[in-house]
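Take 1 as the starting number for the sequence shown in this note's numbering and just add one per residue.
Any given hint might turn out to be false.
Stated by the list, open to error - Across the chosen pairs, the derived CB separations fall in these ranges:
#1 THR86 x PRO113: 33 to 43 Å
#2 ASN133 x ASP12: 12 to 22 Å
#3 LEU140 x ILE18: 34 to 44 Å
#4 ASN82 x LYS145: 20 to 30 Å
#5 GLY38 x LEU93: 35 to 45 Å
To be verified - Straight line, CA to CA, 25 Å or less: simulated BS3-like cross-link-like pairs of lysine-lysine:
#6 LYS81 x LYS111
#7 LYS23 x LYS109
#8 LYS145 x LYS71
#9 LYS71 x LYS111
#10 LYS5 x LYS61
#11 LYS101 x LYS150
#12 LYS121 x LYS61
#13 LYS42 x LYS5
#14 LYS150 x LYS61
#15 LYS42 x LYS23
#16 LYS118 x LYS81
#17 LYS145 x LYS72
#18 LYS23 x LYS5
#19 LYS42 x LYS141
#20 LYS145 x LYS105
#21 LYS23 x LYS150
No wet-lab data here; the hints were simulated from the structure.
Cβ atoms here follow ideal geometry from the backbone N, Cα and C, with glycine treated the same way.
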Amino acid sequence: GGDSKVVSVVEDLLSIEINYLIKIDYEAFRGIIDAIGGVEMKIEQDMFYDDDGQNLHINFKKGTTVLLDGKKAEEFFRWRKNNDGTGLATGDLGRIENQHKFIKKVISKLKSPAIIFKTNKILNCVAENIDTNMPGSAMLKYASKIMSSKINILTLQGELQMIGGVSY
């Protein structure tokens, strides 16, 4: 059903009206992280995972602090288990917690006065890699709100289930 179906399903699920849709793929994600100069993260758990089919190779050692460029940020963002099956006890919910920590670091970096010098790189990356129906004026309005507001990141509550061997 494309974009309109995505919007209608989310509107029905959350009982909200969605005004804009923004599509960000991993290329855009990597580009934005590179444009802001990377994100420093403390690695709280060994993260060793390889998937040759996706050309995904994750290698982070617990207790280290790493400056994640776009590629390494994608690896951190996607990780949930190691090659040997060990990993996050809560599976995808644990991955979401890691993603929240990462997003908070990105927001903090975007709020830093030093980001002004990276504005052109960020805007070029957004223009080249993000698909949206949001007009530029609305983007500027929301960007200024982000810069001046406290951001709360939440996960919708639900029940963990395994369906067909996949965690939901």
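Here is what the structure says about each hint:
1. THR86 x PRO113: 33 to 43 Å: Holds: the Cβ-Cβ distance is about 41 Å, inside 33 to 43 Å.
2. ASN133 x ASP12: 12 to 22 Å: 19 Å, holds
3. LEU140 x ILE18: 34 to 44 Å: 20 Å, violated
4. ASN82 x LYS145: 20 to 30 Å: 39 Å, violated
5. GLY38 x LEU93: 35 to 45 Å: Cβ of GLY38 to Cβ of LEU93: about 26 Å, so the range 35 to 45 Å is violated.
6. LYS81 x LYS111: Violated, at roughly 32 Å.
7. LYS23 x LYS109: 22 Å, holds
8. LYS145 x LYS71: 28 Å, violated
9. LYS71 x LYS111: 22 Å, holds
10. LYS5 x LYS61: Measuring from Cα to Cα gives roughly 41 Å; hence the hint is violated.
11. LYS101 x LYS150: 15 Å, holds
12. LYS121 x LYS61: 30 Å, violated
13. LYS42 x LYS5: 38 Å, violated
14. LYS150 x LYS61: Distance of about 31 Å is beyond 25 Å: violated.
15. LYS42 x LYS23: Distance ~28 Å between LYS42 and LYS23 Cα, so the pair is violated.
16. LYS118 x LYS81: Between LYS118 and LYS81 the Cα gap is close to 34 Å, so the pair fails against 25 Å, i.e. violated.
17. LYS145 x LYS72: 28 Å, violated
18. LYS23 x LYS5: Cα-Cα ~14 Å, so holds.
19. LYS42 x LYS141: Judged against 25 Å, a Cα distance of about 32 Å means the pair is violated.
20. LYS145 x LYS105: Answer holds: LYS145 to LYS105 is near 17 Å, not above 25 Å.
21. LYS23 x LYS150: 24 Å, holds
The structure fails hints 3, 4, 5, 6, 8, 10, 12, 13, 14, 15, 16, 17, 19 (numbered hints given earlier, in ascending order).
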